[in-house]
Amino acid sequence: MNKLIHHTNYYKNFFPMTSLIPARMDRLPWVRFHWIVLIGLGAAWALDGLGAQMVASAGFQQSLHMSPKEVGLSASIFLLGQVIGALFFGRLADGLGRKKIFIVTLGICIFGSILVSLSFSIWIFLIAQFITSFGFGGEHAAINSAIDEIIPSKYRGRASLAINGTHWGGAVLGASANLFLLDLDIFPDGIGWRIGFLIGPALGLIIIYLRYYIPESPRWMLSRGYEKEAEQIVSSIEAQIKSQGHVLNRVPKNKALPVYRRKNISSTTLFKLFFYQYPRQTFVSFSLMVAQSILYNALFFSYALVLKHYYDLDPSSIQYYFFPFAVANLMGPLILGKYFDTIGRRKMIFTTYSISGLILAVSAMLFYKNMLSAATQTALWGSLFFFASAAAASAYLTVSEIFPLNIRGQAISYFFSVSQLTGAIAPFIFGVLINGGIEELKEGHIAFVLLAGGEIDRTPLVIGYLFSAGIMILGGIIALFFGYDAEGKALEEIR
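Note that the UniProt record's numbering has the sequence shown beginning at 1, numbered continuously upward.
Hints should not be assumed to be uniformly reliable.
As the list claims (entries may be wrong) - The list that follows gives simulated cross-link-like pairs (lysine-lysine, DSS-like), each with its CA atoms no further than 25 angstroms apart:
no.: 1; residue 1: Lys347; residue 2: Lys253
no.: 2; residue 1: Lys154; residue 2: Lys369
no.: 3; residue 1: Lys242; residue 2: Lys255
no.: 4; residue 1: Lys347; residue 2: Lys272
no.: 5; residue 1: Lys99; residue 2: Lys489
no.: 6; residue 1: Lys338; residue 2: Lys228
no.: 7; residue 1: Lys338; residue 2: Lys100
no.: 8; residue 1: Lys272; residue 2: Lys253
no.: 9; residue 1: Lys489; residue 2: Lys253
no.: 10; residue 1: Lys255; residue 2: Lys100
no.: 11; residue 1: Lys253; residue 2: Lys242
no.: 12; residue 1: Lys255; residue 2: Lys228
no.: 13; residue 1: Lys308; residue 2: Lys154
no.: 14; residue 1: Lys154; residue 2: Lys253
no.: 15; residue 1: Lys99; residue 2: Lys154
no.: 16; residue 1: Lys308; residue 2: Lys489
no.: 17; residue 1: Lys154; residue 2: Lys242
no.: 18; residue 1: Lys100; residue 2: Lys253
no.: 19; residue 1: Lys99; residue 2: Lys228
no.: 20; residue 1: Lys253; residue 2: Lys228
no.: 21; residue 1: Lys308; residue 2: Lys369
Stated by the list, open to error - Distance ranges between label pairs, derived from CB positions:
no.: 22; residue 1: Gln232; residue 2: Phe467; range: 51 to 57 angstroms
no.: 23; residue 1: Ile195; residue 2: His246; range: 42 to 48 angstroms
no.: 24; residue 1: Asn249; residue 2: Leu480; range: 54 to 60 angstroms
Worth flagging that the hints you see were computed from the coordinates, not collected in a lab.
Owing to the predicted nature of the structure, the values given are computational and were not obtained by experimental measurement.
The C-beta atom is built at its ideal place from N, Cα and C for all residues, glycine as well.
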């Protein structure tokens, strides 16, 4: 008897149950409930952007007497925290559920930000940075999984892009606050930046309250065998929508979709699944995530150096050039998002990746010919980021759509980590290409850095830009030929 039960449970892991719940969720109209999901989950990225901009302002460096080496260490720790957080919570999001994780991770982010504001030594600051980034890394898996599994299929693309794009709304808020908080005529040195780091926790407490009203993913609950609880959640959502005057058509039985009930799998098995059972999904995900990461990190972390070394801008004025970049990054996903649901995933991913790469290639050649000013360079890069931001957000959307439910959170976390680690190399390389060889030139090393007339040679940097442009265009081509037509489809139907 025990052996029979064992075999029955074993095969239940591989043969799906059918359920109308996915179809019922996907046929819902856009209502107040979905706005709560959108705001409650998306606002965390705004906090991420707010915190990142506060760190980029460098207002804390003088107060904590940080050397350039320690500033670099802080950036590395922030990256490391995000990667470890993504991998750790990605597995938990698949095992324990989306809601538990996106509440816990936001709480960690709030605690870390408060600790940053109270830092009076470098080591406390670095520890606080790690805690904060650890939480934000965990947000990626839980949020992207939840948004795809809860939002109706016909709105899934635009909602996902909007949520991932809100990072830049927070960045704009942070940059605006810095103009006020870091003004020594208003706040004494060492006070303004601490207040800035408290803005995120204050907003985070409101967001965490909203998140309590976001239910667990019914799809995840089905995969864990909680059919009754999933039914209760969906029935409650439908009742709310009907009370608002909407009429919901009955879903016919032939719309039932398969849901696999599987338990946690080991990391070794997960890698085997990536490369043997889902090679196409892995190839597409890796290509898109790495391409956008190289472009973003190469440009975003080097633009200040370009403006300073090639256009002779005063460092104090460079911060104003950040606003066009941030606004373009914010508006791209918001404006283009709906076309990923109407025109289609593959076509729009190809378009946004390719246009981003082409604009970068054109701007690189104009830069090489010395035909640009600081303003026109910023305008070109702003238009580039408009498309690149939508492209980057679509990469996260793609990963979370094309892998099955039981490994979705882990897939997001793994490919996010790969893109972060790959992209982290780009700022260093481009920093070297811009001005890293000037000191070495004095010792007779990198002789190509300066031209005979004393001007910094643009050739190495242009080669780097063209390489990034080519990688971005290649990513778009891969999406066009190997991507998935996921628009309007239930997650269970994407093959």
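Verification of the supplied hints:
1. With a C-alpha separation of about 33 angstroms, the suggested pair Lys347 and Lys253 falls outside the 25 angstroms cut-off, and the hint is violated.
2. At roughly 46 angstroms between alpha-carbon atoms, Lys154 and Lys369 are farther apart than 25 angstroms, so this suggested pair is violated.
3. Distance restraint check for Lys242 and Lys255: the Cα-Cα separation of roughly 21 angstroms lies within the 25 angstroms cut-off, and the hinted pair is therefore satisfied.
4. With a C-alpha separation of about 30 angstroms, the suggested pair Lys347 and Lys272 falls outside the 25 angstroms cut-off, and the hint is violated.
5. Proposed proximity of Lys99 and Lys489 is supported: the alpha carbons are some 24 angstroms apart, at most 25 angstroms.
6. A threshold of 25 angstroms between alpha carbons decides the hint, and for Lys338 with Lys228 the separation of about 34 angstroms lies outside it, so the pair is violated.
7. Taking the CA atoms of Lys338 and Lys100, the gap is near 30 angstroms; set against the 25 angstroms cutoff, the hint is violated.
8. Proximity of Lys272 to Lys253 is assessed by CA-CA distance (about 35 angstroms); at most 25 angstroms being required, the pair is judged violated.
9. A hinted pair counts as satisfied when its Cα atoms are at most 25 angstroms apart, and Lys489 with Lys253 qualifies at roughly 17 angstroms.
10. Restraint check: the Cα-Cα separation between Lys255 and Lys100 comes to about 30 angstroms, which exceeds 25 angstroms; the hinted pair is violated.
11. Annotation: proposed proximity of Lys253 to Lys242 holds, straight-line Cα distance about 21 angstroms (limit 25 angstroms).
12. Proposed proximity of Lys255 and Lys228 is supported: the alpha carbons are some 19 angstroms apart, at most 25 angstroms.
13. In summary, the hint linking Lys308 to Lys154 is not supported, as the alpha carbons are separated by about 45 angstroms, beyond the 25 angstroms threshold.
14. For a cut-off of 25 angstroms, the pair hint linking Lys154 to Lys253 stands: about 20 angstroms separates their Cα positions.
15. Taking the CA atoms of Lys99 and Lys154, the gap is near 23 angstroms; set against the 25 angstroms cutoff, the hint holds.
16. Only pairs whose Cα atoms come within 25 angstroms are accepted, and Lys308 paired with Lys489 is rejected, the gap being roughly 48 angstroms.
17. Pair hint Lys154 plus Lys242 holds up; C-alpha atoms about 20 angstroms apart against a cutoff of 25 angstroms.
18. With a C-alpha separation of about 32 angstroms, the suggested pairing of Lys100 with Lys253 is violated against the 25 angstroms cut-off.
19. At most 25 angstroms may separate the alpha-carbon atoms for a hinted pair to count; Lys99 and Lys228 meet this at roughly 18 angstroms.
20. In summary, the hint linking Lys253 to Lys228 is supported, as the alpha carbons are separated by about 18 angstroms, within the 25 angstroms threshold.
21. The straight-line distance between the Cα atoms of Lys308 and Lys369 is roughly 18 angstroms, inside the 25 angstroms bound, and the hint therefore holds.
22. In this structure, Gln232 and Phe467 meet the distance hint of 51 to 57 angstroms, their C-beta atoms being roughly 53 angstroms apart.
23. Between Ile195 and His246, the C-beta spacing of about 44 angstroms keeps the proposed range 42 to 48 angstroms intact.
24. Asn249 and Leu480 have their C-beta atoms about 35 angstroms apart, which leaves the hinted 54 to 60 angstroms range violated.
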